[in-house]
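Keeping the supplied structure of chain R fixed, place chain G upon it in accordance with the hints.
Chains R and G are the protein sequences, given in the same order. Under the numbering used here, the first residue of the first sequence carries the number 1, and numbering increases by one thereafter. Under the numbering used here, the first residue of the second sequence carries the number 344, and numbering increases by one thereafter.
Hints are not guaranteed to be accurate.
Said to hold, decoys possible - Just a few of them, taken from the derived set where beta-carbon distance is under 8 Å, the chain G residues facing chain R:
1. Thr469
2. Arg474
3. Gly493
4. Gln496
5. Gly497
6. Leu736
As the list claims (entries may be wrong) - Over 10 Å on every C-beta distance to chain R, these chain G residues come out as not near it, computed from the model:
7. Met660
8. Phe745
9. Ser762
Unchecked claim - Under the rule of at most 25 Å between Cα atoms (straight-line distance), these lysine to aspartate or glutamate pairs were calculated in the DMTMM-like manner:
10. R:Lys279 <-> R:Glu321
11. R:Lys322 <-> R:Asp100
12. R:Lys266 <-> G:Glu478
13. R:Lys266 <-> R:Asp218
14. G:Lys638 <-> G:Glu666
15. R:Lys266 <-> G:Asp482
Since the hints were derived computationally from the structure, they do not count as laboratory data. Predicted model only: the values in this text are computed from it and were never measured. Every residue gets a Cβ at the ideal spot worked out from N, C-alpha and C, and that includes glycine.
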Amino acid sequence: MSTRTNMETAVVAAAPRNLTYAQAIQEAMAIAMERDPRVFLMGEDIGIYGGAFQVTGDLVHRFGEDRVMDTPISELGGAGVAVGAAMTGMRPIFEFQFSDFAALAMEQIVNQAAKMRYMLGGAVSVPLVMRLPAGSGTGAAAQHSQSLEAWFGHVPGLKVLQPATPYDAKGLLLAAVEDPDPVLIFEHKLLYKMTGDVPEGYYTVPIGRAEIKRPGRDVTVVASSIMVHRALEAATQLAAEGIEAEVIDLRSIRPLDGRTLIDSVKRTTRLVCVYEGVKTLGVGAEVSALIAESEAFDYLDAPIVRLGGADCPLPYNPQLEKAAVPQVEDIVAAVRASVRARV
Amino acid sequence: MPTEVILPRVDMDMTAGKIVRWYVDEGAEVKKGALLFDLETSKAAMEIEAPASGVLRGVVPVTDEEIPVGQVVGWIYGPDEVYEPAVAAVPVKQSAGAPAKSTGGAQFDAQQTVQSVVVGTGVAATPLARRLARERGIDLSALAGSGVRGRIQGGDVPRPAPLWKPAPQTGTVAESRAVHRVWLRTGAGVPTVMLHGFGSELDSWRPLVIAAPAAGPVLAVDLPAHGKSVPISSSNLAGLADAVAGALAEEGVTSGHLLGHSLGGAVATLLAARAEFAARSLLLISSGGLGSEIKGAFIDGFLAAQTAESLRPVLAMAVADPERLPRDFIAASLRPRQREGYLAGLTALAATLFPNRQQAFSIRDRLGALSMPKRLIFGSEDGIIPPTHASGLAGSVGVHLFPGIGHLPQVEALQDVASIWLEVIRSVG
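This is chain R alone, in the form it adopts within the complex (with noise of 0.2 Å):
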């Protein structure tokens, strides 16, 4: 498993259990609760109802309602609060509903939070972390099937996540509570009742550090959240047609490796971004302008592949909404154009 290739940062490394996603996420939050007593969490209906989705679950039950705390209707009211705790000496863990909510919270994320260490000479730090359901798939239509992490990934002061996997959901997360500056972790919808192997106890997975989730030698498929899994099984079909692709799991969307990335375009000379977000100005183009901008650049010998989402608001139509956004059989199509030079 390339999931154990992280387990040097393990403190306890125990063996692994089979846990969904969600389960990772809560799991961390419990032993950050556990660990630190400056650890709370806040969000709209995390208490008694438990998250959105079900991520909180029970734990107000463990840690009580001081600790686990129900916000108003107002994202930018509950933003604010943790903020200001965050400044004070606290360590918020802020719940959204949906990552499409952020919108109205933006003022404390990008003109709060981003900057308190900057503009006050470094007295204060922002520790805060924001956990945002994100994707589509769901069908939730427009307003809630976003992927919005790039542009937060444009704001310097704030640090961008999106675990692929449970192992990482767990890794990252604590690595985010410990961090000195606001971190925002993406979260997958449709990846909450994903399973896999979970080790037991604390462990940490180092932010802005991409993984090569399986190496090839024919082209660097580079993918986040819920496409890296589409990009394994894509690889996965290109094998059996004698293509290997490379994957890439970039984990962390600011700050972005780009000693990795660029390393494995080096080997493979081609590469395909695939990115739910929408294609244009996405993560996808800044990762192809990186590498363009790289010494990698005189090992291309094909041009870069974006695959984003549509440029257009996600349609509730189930059909459309999955044509809106990569699915396996276009990154199929795109790498085998990228290698037998179709492009």
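Frame of chain R; chain G shown alone:
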């Protein structure tokens, strides 16, 4: 195809030039033969005429940057040719009825794929293919691309011929020959014969051969008493030239370029003067035979050294900066010493060639009398042979004096020497 406007070579030594003024604006009509741009080289300024009639497109801007000879600096489009701006890779929509000349800004359409991948030199090639062609000295425009719309890809760039040609199975094997030689590169074209300096061997030429992949075949010779060649009885300069001439005759090489370093330079000059070998050009590096002085401590130290430790300071004299001594240089110089008779042969040779540690031979007069193109490369910091030997030669000998370089320009200024070698070869054709 639109007509390429290239930066022309207007004199022999020119490798690059600046465009100081365009007489025709981007997008304007130009007639064949009309003034197109002013070219400035290190030596002269020149007016360049349009190679065709049509609309001028894709001109490189006027800057202080030098542009290499042969680079495309613009295109002239005929009446039926559609211009597609390539620089920003912005696609141009072509309406079916009337192909637009695109006089206005290019229309932007994110969904349409890029129509043209023509960039830079006017050849469609991937960055990988461009890099490989650059490294291997191959002209991209001569290649056929296997990619989409003929795009040249990495796999389309031929690999250089193997450097080592196995010894022929017929005839005598190399070991039994008095004068050992190896084709460092085979292939078509006029060969270059390479002669190393005192104490060296033919393998020392490999980096230079690799650095000039387009320079054609190379036959490198171990001088008598050097490398794998046996000593000869008449070990004066003429004797060395005789031995090499014999080896060339055995190889069937009757004509070629001569490239010699130090002692090998003097031998090459004698060879160039001989009737049975038609020398096309003569390139001498830090050549011997141009004056009497030579660093005695180098020859004595080289012959006396038994270990890497004692050899290191001796070899360091040969370079301006000891850091530039290649890592395997000392080991390579020590290796032949294990062979019986090697040092004795070399010592005897030195006694004849450098009695009292002076050069006992001169090629100065002969050099001026030779009719083929002649070049001499020296390093201004040469500690073995004084670079002042490069002065006072016949005016027909082109002299390159590299500042801050010692006795081994082919090591210390490898790329420059490779360029000069290529230049000489190409100037002869």
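Inset, instruction - Mind listing which of the numbered hints don't hold for this structure, in increasing order? - result: Going through the list in order, the structure violates hints 3 and 6 and respects the others.
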